[in-house]
Amino acid sequence: MKKSIAAAGNYGPKVRSDCEISLEITSDGGVRIDLTSKVQVLYGESIKSLVTEVLDFFGIKNAIVTIKDSGALPFVLAARLESAVKQLISTDLEYLPELLKENSYSTTRDRFRFSRLYLPGNSPGLMINAGLHSADGIILDLEDSVAPEKKDEARILVRNALRRIDFCGAERMVRINQGERGLSDLHFVIPHNVNLVLVPKCESEDYIRQVDNEISEIKKKFNLNNPVFLMPIIESALGIEHSFEIACACDNVVAIAIGLEDYTTDLGVTRTIEGTESFYARTRLVVAARAAGIQPIDSVFSDVADMGALKQNVMNSKSLGFEGMGCIHPRQIPVIRQGFSPDETEIAKSKKIVQAFETAKLKGLGVVALGSKMIDPPVVARAQKIIDLAIRLNLLSGDWISEVQS
Amino acid sequence: MPIKTVINAAGRSVPLEINGKPAIPFKGVGKHKPEGRKYSPPIPTCSDFPDDGNKVVSSLEEALRKCGLSDGMTISTHHHLRDGDLISNKVFELASEMGVKDLVWFPSASFPCNDPVIKYLDDGTINRIEGSMNGPLGRYVSEGKMKGTAVLRSHGGRVQAIQDGEVRIDIAVLAAPTSDSYGNAKGTGGTSACGVLGYAKADYIYASKVIVVTDNLVDLPCFPMEIEGNYVDYVVVVDKIGLPEKIVSGTTQITRSPDRLLIAELTASFLEKSGILKDGVTMQAGAGGTSLAIAVFVHQILKNKGWKSKFGFGGSTKYMVKMLEEGQMGYILDAQVFDLDAVKSVENNPNHIPYSVFNAYNYHSKGNLTSMMDIMILGATEVDLNFNGNVVTHSDGYLLHGIGGWQNCLHARNVILPIPLFRDRIPVIVDEVTTLCGPGELIDVIITERGIAINPLRKDLIESVKSSGLPLLTLKELKDKAEEICGIPQKPQFEEEIVAVVKWVDGTVIDVVRKIKTG
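Line by line, the protein sequences give chains E and X.
Per our numbering, the very first residue in the first sequence carries number 1; after that it's consecutive.
Per our numbering, the very first residue in the second sequence carries number 1001; after that it's consecutive.
Hints are not guaranteed to be accurate.
[As the list claims (entries may be wrong)] Partial pick of chain X residues on the chain E-facing surface, computed with a CB cut under 7 angstroms:
1. 1219
2. 1480
3. 1483
4. 1487
[Stated by the list, open to error] As a list, the in silico DSS-like pairs of lysine-lysine whose alpha-carbon atoms are at most 30 angstroms apart:
5. X:1004 <-> E:68
6. X:1273 <-> X:1246
7. X:1481 <-> E:48
8. X:1027 <-> X:1004
9. E:101 <-> X:1481
10. X:1033 <-> E:38
11. X:1273 <-> E:351
12. X:1273 <-> E:38
13. E:48 <-> X:1476
14. X:1366 <-> X:1033
15. E:68 <-> X:1515
16. X:1033 <-> E:311
17. E:311 <-> X:1004
18. E:38 <-> X:1476
19. X:1491 <-> E:68
20. E:38 <-> X:1515
21. X:1119 <-> X:1090
22. X:1021 <-> X:1004
23. X:1090 <-> X:1246
24. E:14 <-> X:1246
25. E:38 <-> X:1318
26. E:311 <-> X:1273
27. E:38 <-> X:1491
28. X:1476 <-> E:101
29. X:1466 <-> X:1491
30. X:1027 <-> X:1344
31. X:1090 <-> X:1344
32. E:151 <-> E:220
33. X:1517 <-> E:48
34. X:1273 <-> E:385
35. E:14 <-> X:1303
36. X:1481 <-> E:68
37. X:1459 <-> X:1027
38. X:1318 <-> E:311
39. X:1119 <-> E:48
40. E:14 <-> X:1021
In case anyone wonders, no lab produced these hints; they're calculated from the structure.
Idealized CB from N, CA, C, for every residue including glycine.
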């Protein structure tokens, strides 16, 4: 039997931009709303009309709704209320806020993934401005940053966030849970234009294929065309041993990441800044990724106050062959981006290659040569990518080629 | 009978009379020029004072009695002890015990520690506050519970009101971290050091009676004499004038909020790309977390370029002190001190100079410092589509802050407001400010995390950054962005009753605050 009173959301002295909603479905008396809000004067009426609209959508005519609000945006209020409703009644209906038109883009498999910012999936306050910090990817996390009893409400919040938060061009990522719950998480997020799914604590290629198949089914059902890429995260010794198979599990795997907190725990060692204890795992992962033709991505660096150590970590990571790492604080993004972005030598070399290619094209030559060395097309493509990135990062003028030629 | 109102030059309906005295409506920036002579206090005679110069009396109560404390008087205090002030409340506690009624409290600012005066507003000891109101005190006034009408003035406006006689201080009760028995006093030394006493200057020169209250009595001469003993009637020695940990923050901290840091970074970048930041620049920034972060980013730019700021105007903090000490700033001119590093600096560094509001902010001075500043970083609770700013009320209509030096600072060459586009769903850019504190013609740039809006009047600035790659938008576009995210807010509802008036820097009335409609 279902409960008669349900609650969802968060409220407290340190909670901002969220609310706690408790809902009791009654048999008569209409909808009664008891609202305490720091924005009561400005949004009291709009909150009440939203509540009425959502309840109406779920066919609830009589209820007592108690809201304690610290400035939750409408998509958060709606998510909290829907979570409470779904604890009381069984329904497949979803109250979907309008999808921002800015959020309908797709991404490509070889785009840069230097920095990806983790956001706890049940903390709306951190989501609202996340897009402004220029991360390559933003991850709405349903896994470890969400308390077990909050997992269900986080899915609905993340779903609404995918529709309403402006990601400002960052790759739209979700980290699902492990196992069966992870597969069912997909149903909440895939229809809302997720670009990439992170699969945590991955140990087998089978699971990656299951995830990929589940996504295909959902895409088919909703008639979705944008690609949904996968980034398995390896966080155990067994995962490391299977890393190449996992990297090759299916076409949609575009990157493979390592999670060092869990990996070092699995090994029974302490994680250090130098990272000697994980050296083998990291190089093994880089090799597996390269062999599979995908991007190797490093673990997060957890001391958010120490930018110097972060920078050192990034340099180290880049020298091992990684192409990006996770962030748990927006201030880490510029340090990581700068660390992984091409330095002057790389840019100079790429300019020469691209220039040689352009010259060869002009002359109608089929083969590109730089000095006495022949250059393969992927090398040109790679150089062009570095040039594009340098331009995107303002390290190079968009018109550099004519500047060089003149 | 309702008070007659008129529409002022800013289009706001304002009263022609406040607390029974005539009031002048705002006429426009720099338009009001009073004639006549400055107000002067009664002439004292030195033979009325002890030959040995010892003006110490046994208690504050005795001093108040000797000053002739009586109904309807105006009592002034300064706010250099900030949230650690133990003296202001004590004055009204004593007045209440003495059965005195209808006093006017005229502080240079109030803090949460002053909330207990609500008791003395309730029991009739105080008729009204003419100064800043925030927190519970702001709520109290907004709900129409204060007997008289509050008058909100800027720091400079407060000096103007004293000098042109609009406010006549009967007794100034001035807490001093160090004093001698003659009343020479300063802001440093002892256990309650607050750095400087600049805001007390107008009070001790113009008040009819002056009481210095100290917890650190030293032998004459107390030096340097920020308060000169020849103006002082009585000296009172108490155990403690303030709570040291609340007088100055042990340490001020730049914001940790990534969003605020983003705004600070964008501001520094704007200053650099617009050319406002240059060798020899003069600047002022507050002690808020975002302002401090801007100071840090600006310091870095100065360092990288090998530039030096000619001088900075305090409120000083350790971040400004660092610029001074590392050679990126020539002098700090200082009206108030926010943290311990700054207290230490003003005490020991000859290039860190106490500076009074007379020289900086005052309308009746022959020029003032703010108009010489290149960079002025300020905040606001609201900005409207005409760049008008509000700092005293919240969008919900409640009084929230004092004006501080905000209005005075608007006269700087480049007034820049780095503010978040919305705070916990409350949009900062509105159609029309709830309360007008500063005319839009004086506000140049609004910098939010989602874009920068430049006042169309500043064609030069628009030109200077047009190809900088900075995210330039109009205020309307910024407002639309905020409303798309937050929704369109309702307006707060007010009664007719005026609970506070907002003065412009020249003493004219720029706007009023009306009673909140409750229930």
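Pairwise hint evaluation, residue 1491 of chain X against residue 1466 of chain X, where the allowed Cα distance is 30 angstroms at most
With Cα atoms ~35 angstroms apart, residue 1466 of chain X and residue 1491 of chain X exceed 30 angstroms; violated.
Tell me if residue 1219 of chain X is really an interface residue toward chain E, meaning its C-beta lies closer than 7 angstroms to one of theirs.
At about 48 angstroms, which exceeds the 7 angstroms cut-off, the nearest Cβ of chain E leaves the hint on residue 1219 of chain X violated.
Residue 1004 of chain X and residue 68 of chain E: Cα distance at most 30 angstroms?
violated (43 angstroms)
For a C-alpha distance cap of 30 angstroms, please report whether residue 14 of chain E and residue 1303 of chain X respect it.
violated (37 angstroms)
What's the verdict on residue 1090 of chain X and residue 1246 of chain X, does the C-alpha distance respect the 30 angstroms limit or exceed it?
holds (17 angstroms)
30 angstroms Cα cutoff - pair residue 1491 of chain X, residue 68 of chain E
holds (21 angstroms)
Could you grab the alpha-carbon distance between residue 1027 of chain X and residue 1344 of chain X and see if it respects the 30 angstroms cut-off?
violated (43 angstroms)
Starting from residue 14 of chain E, check that the Cα of residue 1021 of chain X is at most 30 angstroms away, please.
Answer violated: residue 14 of chain E to residue 1021 of chain X is near 46 angstroms, above 30 angstroms.
Is the Cα-Cα distance between residue 1459 of chain X and residue 1027 of chain X 30 angstroms or less?
holds (25 angstroms)
Given hint residue 1476 of chain X paired with residue 38 of chain E - CA-CA distance at most 30 angstroms
holds (25 angstroms)
Residue 311 of chain E and residue 1273 of chain X were given as a pair; does the straight-line alpha-carbon distance stay at or below 30 angstroms?
Holds, at roughly 27 angstroms.
Is the interface hint for residue 1483 of chain X satisfied, with its Cβ closer than 7 angstroms to some Cβ of chain E?
violated (11 angstroms)
Hint violations for this structure: numbers 1, 2, 3, 5, 6, 10, 12, 16, 17, 25, 29, 30, 35, 39 and 40, all remaining hints satisfied.
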